[in-house]
Amino acid sequence: MHDLLKSTSPGMRFLTAIFNLIVANILFLITSIPIVTIGTALPALYKITFEIVDGEEVFLLSDFYKTLFKNIKRGTLLWLPLLLLTVITSASVFLIWAGLEGTAFWMMIPPMLFLFLGFCLGSYAFPLMALCDDPLKVIVKNAFLLALGHLPTTIFIFILHAAVFGLLIVFDVGSVVLLSLMLFMGCAVVALICSFFLRRI
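Just so we're aligned: the sequence shown equals residues 288 to 488 in the numbering used here.
What the hints contain is simulated information worked out from the structure, not anything from laboratory work. It is possible that part of the hints are untrue.
Stated by the list, open to error - Listed next, the in silico DSS-like pairs over lysine-lysine satisfying Cα-Cα at most 25 angstroms (straight line):
id: 1; residue 1: 424; residue 2: 357
id: 2; residue 1: 357; residue 2: 428
id: 3; residue 1: 360; residue 2: 428
id: 4; residue 1: 360; residue 2: 424
id: 5; residue 1: 353; residue 2: 424
Take the sequences, apply the hints, and build the full model.
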């Protein structure tokens, strides 16, 4: 029992990681409330999950807010165009599907392709912001190179996010449970899963 309670024991490290994920998730949700600040909150969240993956000591509040404020400019300049692209392309896909009753799938391919490329950029750029101080144009370039150079990982990350989003929409009872989990620690868990694969890259 004494060994179990040591700060270096696997049990305590696991409990500490769970605690860090819960608090990081809450901080992420709070700092994302204006929506336009999500681009600065994502690198801060990834900073914590990368530290957990690497087994580093996490100084939760200082690490989160230091990364948050460091990426205000870069995160916002990247997030707002991505948000606009997502809204426009999603609306285009919906209007084409609704207007043509799903008979012209090929017309949805261009906006879906732009949507996927935007997802690829965001999936790698925001984690890169958590790790390096490169200018935004360098981060964008490296994000595209990593996304296309490691396409299986990119597809897995896309499927993971699509599955979570789909479950929130499709299942009524399950959506309530899943939404509760997402509010509790779900966003941080998704980021943690992605961090395992991104760190290998």
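Query raised in the report: If you check each hint against the structure, which ones fail?
Result: none
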